[in-house]
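> The residues making up each chain are set out below.
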Amino acid sequence: MRAMSHWLREHWIAVGSPIVLFIAWEWASATGLLREAFFPRPSTIVIHLRHLAADGTLWDHAAMTLVRIGWAFALAAVLGVGIGLAMGLWRQLGEGLDPVFAVIYPIPSILFLPLVSFLVPPGEIALVVTTAVTSFFLIAFTTTHGVRQIDRLVVEAAVHYGARGWRLFATVLLPGALPFIFIGLRLGLGFALIVVVAVEIVSTSRGLGALLWLSWQILKVEDMYATFFVIALLGAVLSYGLAALRTRLLPWVQDVAERAG
Amino acid sequence: MPTRAPKVLVNEVSVTFESHGRSVVALDRISLQAHAGEFLCIVGPSGSGKSTLLRVLAGLLPQSAGDVRIEADRPGTPLTAMVFQEHALLPWRTVRDNVTFGLENRGVGRAEREARAREMLAMVGLTRFAQHYPHQLSGGMKQRVGIARALANDPEVLLMDEPLAALDAQTRTIMQEELLRIWATLGKTVVYVTHSLEEALLLGDRIVLLTARPGRVSQVYSVDLGRPRGLEVRGSPAYGVLLEKIWSQLREEVVRAMAEDRGGEPA
Amino acid sequence: MSLAVPAVLLVLWEICSRHAIVSPRYFPPPTTVGWVLVDGFAAGDLGTQSLVTLTRLGFAFATAAVPGVLLGLLMGMARPVRDAVEPYIAFIFPVPKITLLPFLTIILGVGEPAFVLTGATSAFFQIVISTLGGVQTMDPRLLEVGRNYGARGARLFWKVILPAALPAIFTGLRLGLGLALVALVAVEFIAAKSGLGHLVYRHWQMLSTPEMYAAFAIVGALGLLLTRGLRAVQARVLTWQEEIGRL
Chain A
282 MRAMSHWLRE HWIAVGSPIV LFIAWEWASA TGLLREAFFP RPSTIVIHLR
332 HLAADGTLWD HAAMTLVRIG WAFALAAVLG VGIGLAMGLW RQLGEGLDPV
382 FAVIYPIPSI LFLPLVSFLV PPGEIALVVT TAVTSFFLIA FTTTHGVRQI
432 DRLVVEAAVH YGARGWRLFA TVLLPGALPF IFIGLRLGLG FALIVVVAVE
482 IVSTSRGLGA LLWLSWQILK VEDMYATFFV IALLGAVLSY GLAALRTRLL
532 PWVQDVAERA G
Chain B
-16 MPTRAPKVLV NEVSVTFESH GRSVVALDRI SLQAHAGEFL CIVGPSGSGK
34 STLLRVLAGL LPQSAGDVRI EADRPGTPLT AMVFQEHALL PWRTVRDNVT
84 FGLENRGVGR AEREARAREM LAMVGLTRFA QHYPHQLSGG MKQRVGIARA
134 LANDPEVLLM DEPLAALDAQ TRTIMQEELL RIWATLGKTV VYVTHSLEEA
184 LLLGDRIVLL TARPGRVSQV YSVDLGRPRG LEVRGSPAYG VLLEKIWSQL
234 REEVVRAMAE DRGGEPA
Chain C
1267 MSLAVPAVLL VLWEICSRHA IVSPRYFPPP TTVGWVLVDG FAAGDLGTQS
1317 LVTLTRLGFA FATAAVPGVL LGLLMGMARP VRDAVEPYIA FIFPVPKITL
1367 LPFLTIILGV GEPAFVLTGA TSAFFQIVIS TLGGVQTMDP RLLEVGRNYG
1417 ARGARLFWKV ILPAALPAIF TGLRLGLGLA LVALVAVEFI AAKSGLGHLV
1467 YRHWQMLSTP EMYAAFAIVG ALGLLLTRGL RAVQARVLTW QEEIGRL
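Chains as they are written, first to last, in this note's numbering: chain A, 282 to 542; chain B, -16 to 250; chain C, 1267 to 1513.
These aren't lab readings, by the way, just hints derived from the structure by calculation.
Quick caveat, the model's predicted, so the values are computed rather than measured.
The calculated label-pair distances, taken between Cβ atoms and stated as ranges, are:
hint, chain 1, residue 1, chain 2, residue 2, range
1, B, Glu97, C, Ala1308, 55 to 61 Å
2, B, Arg57, C, Pro1353, 48 to 54 Å
3, A, Gly313, C, Pro1353, 24 to 30 Å
4, A, Phe450, B, Arg101, 55 to 61 Å
5, B, Arg101, C, Ala1273, 53 to 59 Å
6, B, Ser121, A, Leu302, 50 to 56 Å
7, A, Tyr521, B, Phe0, 26 to 32 Å
8, B, Ser121, A, Leu455, 35 to 41 Å
9, C, Leu1320, A, Arg372, 34 to 40 Å
10, B, His115, C, Leu1278, 45 to 51 Å
11, A, Tyr521, B, Ala167, 56 to 62 Å
12, B, His115, C, Val1499, 18 to 24 Å
13, C, Ala1273, B, Ser34, 54 to 60 Å
14, B, Ala149, A, Gly297, 43 to 49 Å
With a straight-line cut-off of 16 Å between C-alpha atoms, the simulated EDC-like cross-links for lysine to aspartate or glutamate are:
hint, chain 1, residue 1, chain 2, residue 2
15, B, Lys171, B, Glu139
16, C, Lys1459, C, Asp1311
17, C, Lys1459, C, Glu1378
18, C, Lys1425, B, Glu87
19, C, Lys1425, B, Asp80
20, B, Lys171, B, Asp188
According to the in silico footprint, chain A covers these stretches of chain C (three or more CB under 8 Å from chain A):
hint, segment
21, 1271 to 1283
22, 1370 to 1378
The beta-carbon is built from N, C-alpha and C at its ideal position, and this holds for glycine as well.
This is chain A alone, in the form it adopts within the complex (with noise of 0.2 Å):
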């Protein structure tokens, strides 16, 4: 009770500043400062937003969401930690993809929906693998760096005392670059949400992204801030909670946001 009202003193702007804002936005379409049709108010939003979950609408592409970002985090997950290990560990092969990689990772990922179609069968299957890309990117090149960042006199010392193949490998090398390829976990799955958003936007007619497409094309005003809400609750459990589950499962990892005070 005392941490609790400590932490209210210490944190009230934090606290108090949404409020504010929500009461003023209601207020401000209420009167018709703003407009209405274009800013509804938070409490209508609220209703709407009921709505569509008590009809199953929002369950049901919420849902198909959910299962496309697993896949497709899955799928970047399996190839971007297997192939940055080797690239890792393997000097050569680090050299010689390092380009390729360098050149393909800035293009925005949406433009790989057509390639990618071409590839596999399109509809859900290219939608996944076009949902994947950056996140294995992501992913393989922060694992590449975890490996190649570990401190050399830790990998001797392990030797020294006997750690060679795949022993040094599990003990040293996997446990030494599992800071990183966290960091790219999460980085990726972040992404996996921001791409898959914009890929049914433009293919799909079910998803939030779809969603809030087809909201906004029969203007649907209220839904659209309903489902935008929706994506953006998606976004921060994604990136917050795998932040809060690293803590947990890497508890000798110090963290960056700690450190800085």
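We have chain A; now place chains B and C onto it with these hints.
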């Protein structure tokens, strides 16, 4: 020999920090004096608040109680200039511009600033590196710049916060000799915080020993080993006797501090 | 950087396509794409469309950079501002910025302002976050140096805080520029009727694959050039920095 006029007067100074709703006493009613031209060393275990005391003297940290006075006999010069641990040079400024930083802030003209920088860089032997950036220098050179930066400011009192702690043993020894030479030339009042009793005995006129948390003055020792002093002092019998005497006291404090860190387990 | 592997891949592609090991309709030989690039620039269309995208990028970046840096600095130095604004930044940052496009089009209409602003928000949040990080992670002893050596108020800002945050600001601008390009190309692909992103979309729909790959290649080159270019500028401007991070 230092003159007896007091330069720095610290009277019953306490510092209390608030952290997570609890208050921690860092310094507890510290009183001490440094005379004009004196080289005063402050020694104590980690957590005894040595650096906190220096920050109070520099005006970087307000004390919770007590008062600090620094006698200014030349108007227009700053009261203090600090040499920081691990140099804390501004990495985007060249060596010369780091040295002139304080003068610039006080509005000293360009010509005078540059003349002053040349003089100070010559004193620390870095004339050739005036246009270099800090990252191009070795650790010892960086700390020479830190010292030149403080001296260029011509403060009433020079404050040094473990300035040599981050250097390797050989560089540290050479820098200690340099410091003695510079101090003998300029005759500044120096308040010098260090972990190392050997360093304090080599450099100081007096040594103030602080206790482990909260920091209190445990004992003040005068270092009567003569001046000018050099590394050879470490072979003299008087040095050994004094080292033994202060160390036995300091050891107690260190052991106490370590026990406290382990949560009160006896050593 | 060795270019052997990319060269081998291109040659392999060329051979496979010419001998119809992969479908030349979907994967035309790189030399064909190369000629389309040459012709496209000669005829002016590829050049024009690249210029459209670059112009949008310029406006988006200019719109985002100054407010982004200012807000980041303000948040870093004034705790109440940070507390008041941070919840929104944290909430919007992970959101795909393309979702802002429908909102901007209902407010501003379908057109350049909505397109450009979508790109700008993408850059804006990155720039704010990097700048804030630069102020927050600065060595606190440098602040003590500033104060002990007589730099207060505006002087402390100009001589200590701003230079200390500069590398992070630069990184934020670089990342922001990249993100703005990504968002703009997506906007063009989805909604605009011009620009490189639209070119890829149109030629995909018409299945004129050599033209599609040509536009694709320009986007890749542009992305590479911009990030590399800004990194080189950073190295030139901030000569005092020890090294510039790779990622």
